[in-house]
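Fit chain W to the supplied structure of chain E, relying on the hints for placement.
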Amino acid sequence: MTHARNLTLAHLWIGFIAFAIALVLGVWQMWSRSPLPAPFLTASTYFSSVTAHGTAMAYVLTTFMIMGFGYYVAETSLARPLPAPRWAWIAFWLGVVGTVMAVITIFSGRAAVLFTFYPPLVGSVFYYLGVVLVVAASWIWCVLMIVAMGQWKRANPGRPVPLAMFATVANAVMWLWTTAGVAAELLFQVIPAALGLKAQIDVGLSRTLFSWTLHAIVYFWLIPAYIAFYTMVPQAAGGRLYSDTMGRLTFVLFLIYSLPVGIHHLLMDPEQSNAFKFLQVALTALVSVPTLLTVFTIGASLEIAGRLRGGRGLFGWIGALPWERPLMLATGLSFVMLGFGGFGGLINMSYGMNAMVHNTSWVTAHFHLIFGGTVVIMYFAIAYTIWPSLTGRAAPSLAAQRTQLWLWFVGMLVMTLPWHYLGLLGQWRRVATFNYADPIIAAWGPWVIVSLVGGVLLLVSGLYFVYNLLQFAVTREAHVPAVLYATAVHPPARVPAALNGFRLWNVLVAVLMVLAYGYPLAQFFVIDPPGALVHRVDQRR
Amino acid sequence: MPLAEEAIVRSEVRWAAVAISVMSVIMLAIIYAGLVHHINPPSNIETIDPKTLHLSGEFTEANLGTRVAADGRVTSRIVATQFTFLPRCIVVPASRPVTLRFATPDVIHGVLVTGTNVNTMIVPGYVSQVHTEFTRPGDLLMPCHEYCGLGHSEMMATVRVVPPERFKPDAQGRVSCDAR
Numbered sequence: 001m002t003h004a005r006n007l008t009l010a011h012l013w014i015g016f017i018a019f020a021i022a023l024v025l026g027v028w029q030m031w032s033r034s035p036l037p038a039p040f041l042t043a044s045t046y047f048s049s050v051t052a053h054g055t056a057m058a059y060v061l062t063t064f065m066i067m068g069f070g071y072y073v074a075e076t077s078l079a080r081p082l083p084a085p086r087w088a089w090i091a092f093w094l095g096v097v098g099t100v101m102a103v104i105t106i107f108s109g110r111a112a113v114l115f116t117f118y119p120p121l122v123g124s125v126f127y128y129l130g131v132v133l134v135v136a137a138s139w140i141w142c143v144l145m146i147v148a149m150g151q152w153k154r155a156n157p158g159r160p161v162p163l164a165m166f167a168t169v170a171n172a173v174m175w176l177w178t179t180a181g182v183a184a185e186l187l188f189q190v191i192p193a194a195l196g197l198k199a200q201i202d203v204g205l206s207r208t209l210f211s212w213t214l215h216a217i218v219y220f221w222l223i224p225a226y227i228a229f230y231t232m233v234p235q236a237a238g239g240r241l242y243s244d245t246m247g248r249l250t251f252v253l254f255l256i257y258s259l260p261v262g263i264h265h266l267l268m269d270p271e272q273s274n275a276f277k278f279l280q281v282a283l284t285a286l287v288s289v290p291t292l293l294t295v296f297t298i299g300a301s302l303e304i305a306g307r308l309r310g311g312r313g314l315f316g317w318i319g320a321l322p323w324e325r326p327l328m329l330a331t332g333l334s335f336v337m338l339g340f341g342g343f344g345g346l347i348n349m350s351y352g353m354n355a356m357v358h359n360t361s362w363v364t365a366h367f368h369l370i371f372g373g374t375v376v377i378m379y380f381a382i383a384y385t386i387w388p389s390l391t392g393r394a395a396p397s398l399a400a401q402r403t404q405l406w407l408w409f410v411g412m413l414v415m416t417l418p419w420h421y422l423g424l425l426g427q428w429r430r431v432a433t434f435n436y437a438d439p440i441i442a443a444w445g446p447w448v449i450v451s452l453v454g455g456v457l458l459l460v461s462g463l464y465f466v467y468n469l470l471q472f473a474v475t476r477e478a479h480v481p482a483v484l485y486a487t488a489v490h491p492p493a494r495v496p497a498a499l500n501g502f503r504l505w506n507v508l509v510a511v512l513m514v515l516a517y518g519y520p521l522a523q524f525f526v527i528d529p530p531g532a533l534v535h536r537v538d539q540r541r
Numbered sequence: 001m002p003l004a005e006e007a008i009v010r011s012e013v014r015w016a017a018v019a020i021s022v023m024s025v026i027m028l029a030i031i032y033a034g035l036v037h038h039i040n041p042p043s044n045i046e047t048i049d050p051k052t053l054h055l056s057g058e059f060t061e062a063n064l065g066t067r068v069a070a071d072g073r074v075t076s077r078i079v080a081t082q083f084t085f086l087p088r089c090i091v092v093p094a095s096r097p098v099t100l101r102f103a104t105p106d107v108i109h110g111v112l113v114t115g116t117n118v119n120t121m122i123v124p125g126y127v128s129q130v131h132t133e134f135t136r137p138g139d140l141l142m143p144c145h146e147y148c149g150l151g152h153s154e155m156m157a158t159v160r161v162v163p164p165e166r167f168k169p170d171a172q173g174r175v176s177c178d179a180r
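Going down the list, the sequences are from chains E and W.
With the working numbering, letter number 488 in the first sequence gets 488, and the count goes up by one each step, no holes.
With the working numbering, letter number 135 in the second sequence gets 135, and the count goes up by one each step, no holes.
Take these hints with a grain of salt, some might be off.
[Unchecked claim] Chain E residues, not near chain W, derived (Cβ > 10 Å throughout):
hint, residue
1, Leu9
2, Ala79
3, Leu94
4, Trp152
5, Leu314
6, Glu324
7, Val336
8, Phe340
9, Trp406
10, Arg430
[Stated by the list, open to error] Computed footprint of chain E on chain W; a stretch qualifies when at least three of its residues, placed anywhere within it, have a C-beta under 8 Å from a C-beta of chain E:
hint, stretch
11, 33 to 47
12, 106 to 114
No lab work stands behind these hints: they were computed from the structure.
Cβ coordinates follow ideal geometry from the N, Cα and C atoms, glycine included.
Isolated chain E, as found in the complex:
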């Protein structure tokens, strides 16, 4: 095995262990909020659990999955060894140390600030430093991805960068922009406060800085799924990619439009004006375009595959697709959840309409469908697809993989559809318990229990996933070729320089960010709002 294979396995296992722990916590949190009596429930255990769940899912699973998959794509799609594998291992261990540091701090009850921080609440500095180490690890990964693509381009002048790698580097470039917001918040505001160097925090500024990160981070999580859609799924379906150019354009659009839209997370905030809220809502509408393009291009690619396999008629090609292949099945299920989640997202971004659902279970349902549904089910499918080439062993049972994927899909819908409904009824987020003696709240009880059942299904499915991966250890060794990436119907011989690199797009991102975030950030230095006193959550007597 080469360096990149070991790296990929190590990263994915860290991510999946964090994921399994976070699932257990998630189910327990739903149990706590339900009318059924939950064990170990105190305010401190609940909010520490929410902090751990969010940190493990949003920072650890995703970052390790994206780094590990990136190394795999770099090595297999460019067909050359990874540059500076020693740095990749340094990044890995930085991430592991950061994760352990954050987790120990959370479980000692000294960082119940949730993974979105909420200053002026301030927890132990070791929690924030742990998160910073994970982010620093991902920065090293970004540089390695950019260097790997640069080396390949120098060795292959004029040739188009393979789409999978182009997309991976798009994600790396986007992530460097994305993390600037949260890094500024942590390094200049929260960590100095946690160290006792600052007594006050400008909360409007910290919320605006976090919003800079908060939307694009979702696309950071999402892009591996899209890489699978464009480069692996048409191959698994037995067809070809409809349009390579559309793929490149989609990833460029994600890079451009996922960043200057974060203020839509602050629609209900008093510190930003209607003008900038509206501007970023309009840009948010544009960020739906690459997703709609993807649905079309992948749909067309699958239609080609279905017709090649003998599918006839307007919809006959759908039934002709190889649904017995886990990657194919996961893609179908992922698209359905993307449909529900995307619809909810359009409501959330709708400026005035957001007031109906802000901070209700509707929002929780939305991002669980997008992240847990669309994204994580593709993480499963990617793992199933590349595991044989990582371990040199054949898949033990495709049926077991399919069952696991179906369980995840059913669990996700059973959990999130009631959440949408409860959100419309006004059920609010982020509380440990509800007073079910209240007549308004009592009526929600049965639906909360239904959603808990969905959560249990998700836990079973998640553990089944880990079991399926462990099963590779007992299967026969097989010579498995590396995953082949899909060819386009018309593979490009050359592509314009703009679609073979990111220089132009970085300039455009800079311009858009100055337009969208320049004044919203500068205003805090103009109006100089009064600061809020730091409130520590980690001081005990």
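Relative to chain E, chain W alone:
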């Protein structure tokens, strides 16, 4: 299955036009709702010092709760603080424009009122303002919906919507839950 490159490009462009049209219609609906129905998010950027708001000005204890101004406008002022609202119950008239003003002396909070579109974040350093009209009489829940510390789950207030004829301000224009 022959698929000419131009045919593929044409179909992609056609679809992109459909996608952009759909989003344009959604944006037009949002603009219409904002301009014609005045459905805008709370965005008044009005600063207030969280460290001193209890000492002077509109958020001192005597000014909290619902008050009808001389010109008949109804305003309710509420302080959100770890882990309660002051006051814990407000009275508002049904079928009349009401302005809700919130401020906090400590950390981030947020409120929604169940069964209505009243929803805002309450950020230390700012006054949050919501204009609304309650349609039906009854007691509604107004919980804190943003994590504000370990006591967050218990942070709750009541909005008592009364029929216009039972909304009776006292000599200073105040209406409170206790008075009923």
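Checked hints:
1. Leu9: Leu9 (chain E) is indeed farther than 10 Å from all Cβ atoms of chain W, at 36 Å.
2. Ala79: At about 26 Å from chain W, Ala79 (chain E) clears the 10 Å cut-off, so the statement holds.
3. Leu94: 29 Å, holds
4. Trp152: 25 Å, holds
5. Leu314: 15 Å, holds
6. Glu324: 23 Å, holds
7. Val336: 19 Å, holds
8. Phe340: 17 Å, holds
9. Trp406: 30 Å, holds
10. Arg430: 5 Å, violated
11. 33 to 47: holds (count 12)
12. 106 to 114: Answer holds; 7 residues pass the 8 Å Cβ test.
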